[in-house]
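Full structure from sequences and hints, please.
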Amino acid sequence: MVWASGVGSMPGGEVGGSGAADAGNAASYTEAVRTVLGELDLPYVPELPARGAMAGLTGRAAGLLSVVGLGADLQPAGWRLTGSSDAGLDQRRARSLLAQDLDTVEDLGQGLEGPFKAQLCGPWTLAATLERPRGDRMLADHGARRDLAQAWAEAAASHVGDLRRRFPGVELLLQLDEPALPAVLAGSVPTASGFGRHRTVHPPEASEALGLVTAAVAAAGATPLVHCCAAEVPSSLIRGAGALGLSIDVTRLAPESYDGVAAAVEAGEWVLLGVVDATDPARGDDRVPTERAERFLDMLGLAPAERTVVTPTCGLAGASTSWARQALGQARATARRLSPEPE
3 MVWASGVGSM PGGEVGGSGA ADAGNAASYT EAVRTVLGEL DLPYVPELPA
53 RGAMAGLTGR AAGLLSVVGL GADLQPAGWR LTGSSDAGLD QRRARSLLAQ
103 DLDTVEDLGQ GLEGPFKAQL CGPWTLAATL ERPRGDRMLA DHGARRDLAQ
153 AWAEAAASHV GDLRRRFPGV ELLLQLDEPA LPAVLAGSVP TASGFGRHRT
203 VHPPEASEAL GLVTAAVAAA GATPLVHCCA AEVPSSLIRG AGALGLSIDV
253 TRLAPESYDG VAAAVEAGEW VLLGVVDATD PARGDDRVPT ERAERFLDML
303 GLAPAERTVV TPTCGLAGAS TSWARQALGQ ARATARRLSP EPE
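When you read off a place in the sequence shown, starting at 1, and then add 2, the result is the number in this note's numbering.
If you're looking for bench data, these hints aren't it; they were derived computationally from the structure.
Incorrect hints may appear among the rest.
Unchecked claim - Listed next, with one range per pair, are the computed distances between beta-carbon atoms: (1) G80 / R201: 19 to 27 Å; (2) G198 / A25: 43 to 51 Å; (3) E296 / A194: 41 to 49 Å; (4) R167 / A28: 17 to 25 Å; (5) G116 / S190: 18 to 26 Å; (6) F197 / G223: 38 to 46 Å; (7) S160 / P205: 26 to 34 Å; (8) E234 / T281: 21 to 29 Å; (9) D105 / H204: 37 to 45 Å; (10) G189 / T32: 38 to 46 Å.
Don't be surprised by glycine CBs; every beta carbon is placed ideally from N, CA and C.
Dropping the structure here:
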C-alpha cells in the first residue's frame, strides 16, 4: 500500500507567556494532534513552531541537549550553548513543552499501532543554527561540531527510548530534518555577522556526523529517515550515512538527485514524496498531487512501492488551519489512488 503522512509542522498557536496564550496553545496543539490522527494512516508528532522559540526546530533540540549535560539559553540571535552542564531556564521550558506535547499525543493516541513518525533536528542543521558559548555557529569549529554530533546522537537515542515507552505498539520512524545540509556542503551558510560564509564541510565529515546519529537512532529502536526539501538533495550521502528513508519535495527536486531516490525506492526503504501544496493554493485541485507523484515515479521508471508515502511538499506551519486539514486529506486521497489494486 501507499501511505499518507506529513512532514512535521502544523499551523496554530502564538508566543506563550500569558495564561490565555498558554491555554490557546494547548487547544491548538490538541486540535493538531486530532487532525493528524484522524486524517493519516502514518501519523506523526505535530510541531507548532508559531508558539515561539521553545517550539521551533532548534529549540526542541536545545531542550533535549539538557539530557546529555549541555546547557543552552536563548539569546536575541537564537539558541546558544552556555558552556555549563546546567540547563538554562529557556532550555528547561523547551524540554517541558516537548514533554507536554508528547503527553497530548499519548493521551489521544492510546493503542496506536503501525508506523508512526516523530521528527528531530538533524546534526548539520543543528550545527548551522546553534551558537557556541563565545558566539558564531557551532559549524565554525571542526572540534565543536564533532562533539555536538556525538552529544546529539546520545540525546536522539534517549528521545527514541522515551517514544518507545510512550508508544509501545508502533513501528517508530524518526525523521531527522536537514534543511541546511545542502548549504553546509556548499559552504553557503552565513556567519553571525552576515558578511561571510562558513567553510564547506566535505562529504566524508558530513556523512560521519550524520551516521553517528542514524546509528544511535537505529540502535535505540527506530528507523532513521532524513527530510531535506531542497532542490539538490545529497541522497547518496544520506543513504550512505545509514538513513533508511528519504523525505523530499518532488516539486523542487533537481534531476541530479533522482538516482538516489530511485535507489531508495528499489531498496524498499521509506520514501516520502512531497506532492501536496504546503501553503494555501489558488485552486485546491485534488488531482494535482496524484499527477505530480505519477509523473515523478514515471521519470524514475518505477511504480509505487510498499513504503512509498505521500506528504505535503514541506511543513504546514505557513498554511491556514483549514488548508492544513485539506492538505492531509489530499495526501490520504492521493495515497489511495496510487495504491495498487488488490489482486
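Could you tell me which of the numbered hints above are not met by this structure, giving the numbers in increasing order?
5
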